[in-house]
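Visitor: From first to last, the protein sequence lines stand for chains A and B.
Heads up: the first sequence at position 168 corresponds to 168 in UniProt numbering, and the numbers run straight through without jumps.
Heads up: the second sequence at position 295 corresponds to 295 in UniProt numbering, and the numbers run straight through without jumps.
For the record, the hints were derived by calculation from the structure and aren't laboratory data.
Heads up, the beta-carbon is just placed ideally off N, CA and C, and yes, glycines get one too.
Keep in mind that a hint or two might mislead.
[Unchecked claim] Computed cross-link-like contacts, DSS-like style, restricted to lysine-lysine with a CA-CA straight-line distance of at most 30 Å:
#1 A:Lys604 x B:Lys399
#2 B:Lys523 x B:Lys457
#3 B:Lys266 x A:Lys608
#4 A:Lys52 x B:Lys399
#5 A:Lys595 x B:Lys399
#6 B:Lys354 x A:Lys443
#7 A:Lys608 x B:Lys168
#8 A:Lys67 x A:Lys9
#9 A:Lys89 x A:Lys151
#10 B:Lys354 x A:Lys628
#11 B:Lys407 x B:Lys388
#12 A:Lys598 x B:Lys354
#13 B:Lys625 x B:Lys523
#14 A:Lys14 x A:Lys595
#15 B:Lys625 x A:Lys110
#16 A:Lys628 x B:Lys337
#17 B:Lys399 x A:Lys609
#18 A:Lys51 x B:Lys388
#19 A:Lys609 x A:Lys595
#20 A:Lys608 x B:Lys625
#21 A:Lys151 x B:Lys354
#22 A:Lys179 x B:Lys168
#23 A:Lys620 x B:Lys168
#24 B:Lys261 x B:Lys239
#25 A:Lys24 x A:Lys55
#26 A:Lys24 x A:Lys14
#27 A:Lys604 x B:Lys266
[To be verified] Cβ-Cβ distance ranges computed for the label pairs, FRET-style:
#28 A:Leu461 x B:His385: 32 to 40 Å
#29 B:Lys266 x A:Phe87: 24 to 32 Å
#30 A:Phe87 x B:Arg278: 21 to 29 Å
#31 A:Thr488 x B:Thr331: 45 to 53 Å
#32 B:Lys241 x A:Arg79: 51 to 59 Å
#33 B:Pro295 x A:Thr488: 44 to 52 Å
#34 B:Phe350 x A:Leu4: 52 to 60 Å
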Amino acid sequence: MGRLKQKGKAGAAKAYVTRTAAVKKLQCSLADFRRLCILKGIYPREPRSRKKANKGSSAPTNFYYAKDIAYLAHEPVLRKLREHKTFAKRLSRALGRGEWSSAKSLEENKPVYRLDHIIKERYPTFVDAVRDIDDALCMIFLFASLPSDSKVSPTLIENCARLAAEWQLYVMHTHALRKVFLSIKGVYYQAEVFDQTVTWLVPYQFTQTIPTDVDVRVMLTFLELYQTLLGFVFFKLYTDAGLVYPPPLDTKKDEGAAGVGAFSLQEAKDTRPPVTTTSKVVEIDGKRISSKDVRQTIKSITASNPDDPDVQMTSVEAAQANDDDEEFVEDTTEENPDEDTPSAPAFTTATLPTLKTLSTLPQSTSSKLFAPYTFWLSRETSRPIFEFIVRAFGGRIGWPATSGSGSPFDETDESITHVIIDRPAVQKPNETEAERERRRRRKYVQPQWVVDCVNAGKILLEDLYAQGKTLPPHLSPFGERADAYNPTAGLIGGEEDEEMDEEEVVEGEGEDDEVEGSEDEEPVARPAKAALKAAAAAEDAAALRAAELAAEAAGVDFGTFEKETKKAQKKARKADAPKEDEAEQDMNKMMMSNKQRKLYERMKYGEKKRTVERQQLEQKKRSLEKEKKRRAKSS
Amino acid sequence: MAAADVKRHSKKRKAAPEEEAPAPPPAAFPQDVGLEMGSEDEGEDGGDVSDDGVVDHFPEIDTRSDTEDEDYTEDGEDEPDESEEDEEEDEEDGESSEETSDDDLGIFPKAKTVISDITGQPKRVYPDIEPDYDSDSSTEDTPNRVGDIPMHWYDDLPHVGYDINGKKVLRPARGDELDKFLKTVEDPEAWTSAFDKNLQMDKPLSPEELDIIRRLQQGENPDASYDPYEPTVEWFTGKGKEEIMPLSAAPEPKRRWIPSKWEKQKVMKIVRAIRQGRILPNKPKTASTQPQFYPIWNDEPSSAPAPLPAPKPRLPGHAESYNPPEEYLPTQEEREKWEATEPEDRERDFLPQKYAALRLVPAYDQFIKERFNRQLDLYLAPRVHRVKLQIDPESLIPKLPSPSSLKPFPVYKSLQVAHEGRRVRTVSVSPDGGWVVTGDEGGVVRLWEVMVGKEIKRWTFKSKIGAVEWCPRTDVSFFAVAIEDRIHFLFPPNLPAAILAATQHALSPANLPPPPAVPSPVKWVSVPAAQSSTDAPILSLHLPSSPEPPKQLVWHRKGDYLASVSEGQAGVWMHQISRRHSQAPFKKIKGAVQLVLFHPSKPHFFVATQRYVRMYNLAEQKLLKTLMPGIRWISCMDVHPSGDHLIVGGYDRKLCWFDLELSDKPYKILRYHSRALRSVHFHPTYPLFASSSDDGSIQVFHARVYNDLMTNPLIVPLKILRGHEVKEGLGVFAVRWVPRQPWLVSAGADGQVSVWCS
């Protein structure tokens with residue numbers, strides 16, 4: 001006989017701990033525990049049976065994995081937090097005693113924790129990290145637009161703004177942007193980086209105030225982690241793209257509100273000997289990549305590079321001086337200076353230093369959608385949004401000085417093809433000839449045109465989006481569920497239904513008429529219809545014959561009668577067959593187990609709900625269209 | 001005495017200004033309380049005190065003490081400049097110089113130095129003492145009249161000692177607590193006085209004493225003259241004061257004068273490090289605030305799996321657009337409904353809105369809140385790994401053979417026999433399948449033909465029919481009817497002569513079998529065969545009386561035994577026709593017996609109580625097994641003709657299929673009726689069974705049982721037969737199959753008996 005099993009010694013009771021127990025075990029405050037959970041990405045779990053996990057009690061509690069908590073117990077950050085606690089005690093004592101010098105030295109030796117190991121732990125590979133930067137980007141962009149106050153320090157906001165700009169620069173540089181959606185909450189962007197779709201939301205440019213019911217400390221802890229994560233991710237992205245990270249900031253431009261333009265991308269000197277890259281056998285999508293392929297790609301890219309207007313690259317020579325200061329340059333270039341032959345400038349300029357960047361390079365032509373165009377932003381349109389979109393798709397864009405400095409050209413530039421304008425069309429009586437001429441040559445579009453073009457992947461007709469026109473609806477590029485309502489569909493099935501409805505209405509009216517006894521209009525059609533119905537319902541020949549006679553009496557010729565009969569019969573059969581099938585299915589449901597039945601019912605419930613939703617929207621659309629038609633008729 | 005007083009006074013004064021002159025008196029010790037108080041008041045107070053103090057003996061006012069008091073207070077309240085003056089005076093006093101001082105304003109008689117006429121030497125001359133009241137100290141009151149004795153001797157006595165005459169000195173009256181309190185209120189100086197036991201009165205504290213108290217309170221040295229900052233007296237240092245004799249004779253160690261080599265090495269190490277820049281002496285040890293980034297993902301990732309990424313938020317749909325299609329905009333009702341629901345219950349956290357231009361789109365006020373909620377979700381919400389089912393819900397429905405391939409089974413109602421609106425509780429079909437007998441609550445038993453529904457015969461009894469059951473024997477033809485506490489045996493008309501004779505012989509034999517040894521409470525009453533007719537029962541059993549008629553009759557397969565179930569304990573009777581004997585097989589049964597059933601092939605007997613079905617072996621008279629259907633109240637039961645399967649229906653809408661070889665628990669539990677099950681029945685030959693329910697429907701199943709033990713029985717629902725009306729919540733009471741035909745006879749609460757044909 002084995003050992004007696006005791007309750008609470010194994011299984012769920014051991015595998016889960018409550019939050020209180022966890023805090024007690026870690027001997028830290030609840031705030032520290034929360035901070036640790038945020039940083040380490042530990043979240044409560046739902047045990048299969050709450051009672052078993054909580055020693056028979058069903059009180060509402062949160063459970064953590066006991067192993068998670070055990071890992072937390074020897075977390076360096078936890079040690080640092082404890083050190084910080086003693087530091088705070090010492091500092092306050094020193095300050096209370098007026099020992100300024102010791103307070104100062106304490107402050108200098110303040111314990112600071114680093115999150116590198118946590119980043120590495122939570123995201124073992126780079127792709128894991130890229131997959132998870134959605135929330136980080138949202139937060140960074142939000143904090144970049146917040147005003148600083150006592151809780152949110154200006155340096156933090158500055159850092160967020162810098163990170164946001166760095167991300168935008170990278171996306172613009174690699175043309176990774178795929179979709180944009182102007183929602184009421186803000187602008188959703190979707191980019192494709194390392195085959196991962198990254199979606200982030202940027203609020204519109206308004207001053208946000210932090211509501212009182214939001215715990216800023218929680219947000220700041222998240223932000224701490226996100227800043228570190230993004231720092232490492234951007235470092236990797238930049239270095240893989242052969243760029244210097246962090247991109248140097250031009251303070252003068254920054255003060256002039258140049259935004260993203262204040263940063264300049266610099267090419268890093270690639271140092272890896274090209275031999276190694278070519279000698280390796282690399283496969284992408286199962287294809288062997290030969291050195292020839294690589295060279296070809298490089299050639300095509302270098303060819304496209306000069307006319308790439310979006311990134312202002314300083315020349316290699318200029319960058320070289322800076323490069324020496326950069327710490328992260330792993331190897332020095334002295335090893336192979338003689339290999340830098342002028343015949344292979346592609347390698348030195350490092351447009352394509354690694355094959356990883358090869359895969360990240362845009363393949364589709366739509367990523368250079370706006371390359372042939374030059375845009376001018378009108379004063380009232382948001383510059384950060386459209387500068388980012390247009391440049392990410394290869395276009396050139398300029399803006400008036402009121403929107404910030406750094407515009408590459410001014411309004412009178414002849415190359416401008418499109419003006420993004422968001423105000424109602426106004427007659428300008430005192431226009432000069434030149435202005436009028438310019439006006440004629442340029443296309444004035446509303447901002448939605450840019451976004452719709454991006455989402456459509458092609459240049460749409462500008463007429464629909466011309467200045468002052470009522471815009472067509474702006475649809476989400478992310479799509480809905482497969483069976484959801486599709487606003488672009490022309491309601492084909494719906495129209496049929498509508499016809500049916502109308503028919504029914506006509507019938508109803510007819511019946512009413514009969515009741516009233518006024519048989520003056522269409523006396524022929526109705527009996528014929530009745531006869532047809534009878535024919536459809538008729539099963540045996542005798543009934544069919546009777547129906548035929550009735551039809552003849554009503555004045556329907558035989559050909560049409562036959563055709564109609566066949567149609568009606570088919571319809572009736574079609575209606576019958578599923579009904580029978582359905583009844584059988586219903587009966588088979590009896591034999592389902594309880595679990596299966598519940599699952600089935602849940603699925604059916606969801607399906608039905610979605611159908612109702614779709615039908616409601618369709619109904620609404622139909623009624624709106626009717627309304628529109630009626631109004632058009634009446635006017 | 002006065003001189004001494006003044007001397008003391010001056011000394012005090014000297015001490016006090018020394019302390020207090022540099023700074024105004026500390027606020028913690030408010031000496032200037034009651035500055036405005038007139039001296040008269042104080043004098044009066046003093047008088048009062050003395051009045052109180054020595055009650056009867058010395059009623060006169062001590063003016064001397066009054067003035068002294070005044071002096072003290074004035075001293076205490078002196079302003080600094082005044083005290084400075086005093087100081088000067090004191091200094092002069094202290095010097096007590098021989099020089100003449102023309103200051104004779106003081107109270108103390110100053111000595112004058114004059115040149116003696118006689119000796120020519122200077123001499124001190126004091127002024128003459130005027131013998132007035134002031135000059136005599138004998139008139140002063142000596143409050144202590146008991147002498148210098150420890151006063152605590154008299155602590156618990158009414159007197160405080162004895163005066164010089166040996167008379168008891170009574171303790172002066174002291175006011176009660178209220179008086180004390182009032183005194184403290186009236187006299188602002190009260191707190192500076194203390195009770196003197198020797199004098200038996202409150203005595204004001206002198207400024208020195210107050211000063212000592214103040215010092216003690218402040219934690220200072222109580223001695224005012226103590227100077228903590230005296231200059232050091234260097235007794236053992238300095239020139240000529242060196243210690244000459246060493247304490248130890250040991251030679252002085254080398255380390256006293258040789259610099260440490262190791263210390264030097266350590267210092268040099270640090271110096272070198274500083275020179276080489278390995279140590280930055282002034283660099284703060286906290287790393288620079290700017291995080292340093294490096295290629296963190298360059299080395300091989302650990303083999304441990306990455307933690308699961310957090311679920312991404314749902315991507316926005318068309319409704320969230322700033323310019324959505326118009327049909328997405330909420331109507332007024334939808335808007336109101338959205339606003340009325342709690343934010344947690346809303347399906348969408350926003351209301352779709354439409355703006356004509358992008359410049360008109362305002363800030364989204366819930367932006368930060370939403371981000372915050374997302375973060376709360378990330379670290380606070382329990383996560384469960386759920387596998388999303390990407391299956392068609394229809395695929396969950398089990399694939400069963402189509403009913404059309406399992407024909408024949410009853411499909412339609414071929415005929416209907418009405419019972420004049422009375423509930424038909426029971427129905428039975430003759431073993432040859434030609435006749436049906438039904439019994440209703442009005443006491444009418446009808447016999448009719450299955451094919452056309454023609455009624456052959458009707459019997460009317462006084463009370464409601466509990467059960468009717470045909471005898472399964474084919475050589476005879478009769479059926480049993482349970483009414484009140486009787487069981488009547490009837491036979492149909494128009495029987496062939498042979499069968500009639502056999503029937504009559506079976507039910508009322510000419511020579512009765514010998515009565516059993518143990519007399520039974522059940523009486524067997526039969527009509528002689530010659531007088532018997534179809535109109536009256538040929539044989540009647542009188543059961544022990546019970547309020548309800550027996551609710552079930554069941555025949556053994558061979559037709560010799562009939563079991564009846566009535567209400568109450570020991571309601572189960574087994575009647576043997578051949579021996580004309582009845583017996584109760586169970587002395588006592590746990591629970592109320594609902595139903596009983598004979599096993600078709602073995603001497604087994606099923607007894608269903610409210611919750612359990614027990615299976616007994618009648619031959620061995622023991623319990624074989626207890627089946628637990630999990631039904632709260634069993635309503636019906638039937639056994640498969642093979643005898644290996646049992647179906648049990650309950651009032652809680654469940655039907656359980658038991659494989660008797662398998663387990664005590666049901667093999668399958670079906671719940672398809674919406675109301676209580678009333679009756680279940682297996683077809684004797686076809687693989688069919690049917691169940692009827694209070695919802696008015698009859699469900700026909702195909703139930704194929706395999707001889708192979710490994711194959712589970714196949715149950716296929718075939719048809720739902722509807723046609724009975726539900727009356728007062730009651731539907732179809734009984735269903736019976738017609739032997740040899742796939743036909744079904746059903747009896748309902750609506751008074752209809754229907755025959756369903758294939």
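Visitor: So, for every hint listed, does it hold in this structure?
Guide: To see whether the hints hold, each was checked on the structure:
1. A:Lys604 x B:Lys399: 18 Å, holds
2. B:Lys523 x B:Lys457: Distance ~27 Å between B:Lys523 and B:Lys457 Cα, so the pair holds.
3. B:Lys266 x A:Lys608: Distance of about 83 Å is beyond 30 Å: violated.
4. A:Lys52 x B:Lys399: 38 Å, violated
5. A:Lys595 x B:Lys399: With a Cα-Cα distance of about 17 Å, the restraint between A:Lys595 and B:Lys399 holds, given a limit of 30 Å.
6. B:Lys354 x A:Lys443: 25 Å, holds
7. A:Lys608 x B:Lys168: Measuring from Cα to Cα gives roughly 113 Å; hence the hint is violated.
8. A:Lys67 x A:Lys9: At roughly 15 Å apart (the allowed maximum being 30 Å), A:Lys9 and A:Lys67 satisfy the hint.
9. A:Lys89 x A:Lys151: 21 Å, holds
10. B:Lys354 x A:Lys628: Status holds; Cα separation ~18 Å.
11. B:Lys407 x B:Lys388: The given pair, whose Cα atoms are some 40 Å apart, is violated under the 30 Å limit.
12. A:Lys598 x B:Lys354: Between A:Lys598 and B:Lys354 the Cα gap is close to 40 Å, so the pair fails against 30 Å, i.e. violated.
13. B:Lys625 x B:Lys523: Distance of about 33 Å is beyond 30 Å: violated.
14. A:Lys14 x A:Lys595: 29 Å, holds
15. B:Lys625 x A:Lys110: 78 Å, violated
16. A:Lys628 x B:Lys337: 27 Å, holds
17. B:Lys399 x A:Lys609: 26 Å, holds
18. A:Lys51 x B:Lys388: The given pair, whose Cα atoms are some 26 Å apart, holds under the 30 Å limit.
19. A:Lys609 x A:Lys595: 21 Å, holds
20. A:Lys608 x B:Lys625: Between A:Lys608 and B:Lys625 the Cα gap is close to 47 Å, so the pair fails against 30 Å, i.e. violated.
21. A:Lys151 x B:Lys354: Distance of about 36 Å is beyond 30 Å: violated.
22. A:Lys179 x B:Lys168: With a Cα-Cα distance of about 115 Å, the restraint between A:Lys179 and B:Lys168 is violated, given a limit of 30 Å.
23. A:Lys620 x B:Lys168: 117 Å, violated
24. B:Lys261 x B:Lys239: 35 Å, violated
25. A:Lys24 x A:Lys55: Holds, at about 17 Å.
26. A:Lys24 x A:Lys14: 16 Å, holds
27. A:Lys604 x B:Lys266: 81 Å, violated
28. A:Leu461 x B:His385: 32 to 40 Å: Distance hint for A:Leu461, B:His385 is violated at roughly 48 Å.
29. B:Lys266 x A:Phe87: 24 to 32 Å: The hint (24 to 32 Å, Cβ to Cβ) holds, given that B:Lys266 and A:Phe87 are roughly 28 Å apart.
30. A:Phe87 x B:Arg278: 21 to 29 Å: 26 Å, holds
31. A:Thr488 x B:Thr331: 45 to 53 Å: About 22 Å separates the Cβ atoms of A:Thr488 and B:Thr331, which means 45 to 53 Å is violated.
32. B:Lys241 x A:Arg79: 51 to 59 Å: 58 Å, holds
33. B:Pro295 x A:Thr488: 44 to 52 Å: 46 Å, holds
34. B:Phe350 x A:Leu4: 52 to 60 Å: Since the Cβ atoms of B:Phe350 and A:Leu4 sit about 58 Å apart, the hinted range of 52 to 60 Å holds.
Hint compliance for this structure: hints 3, 4, 7, 11, 12, 13, 15, 20, 21, 22, 23, 24, 27, 28 and 31 are not met, and every other hint is.
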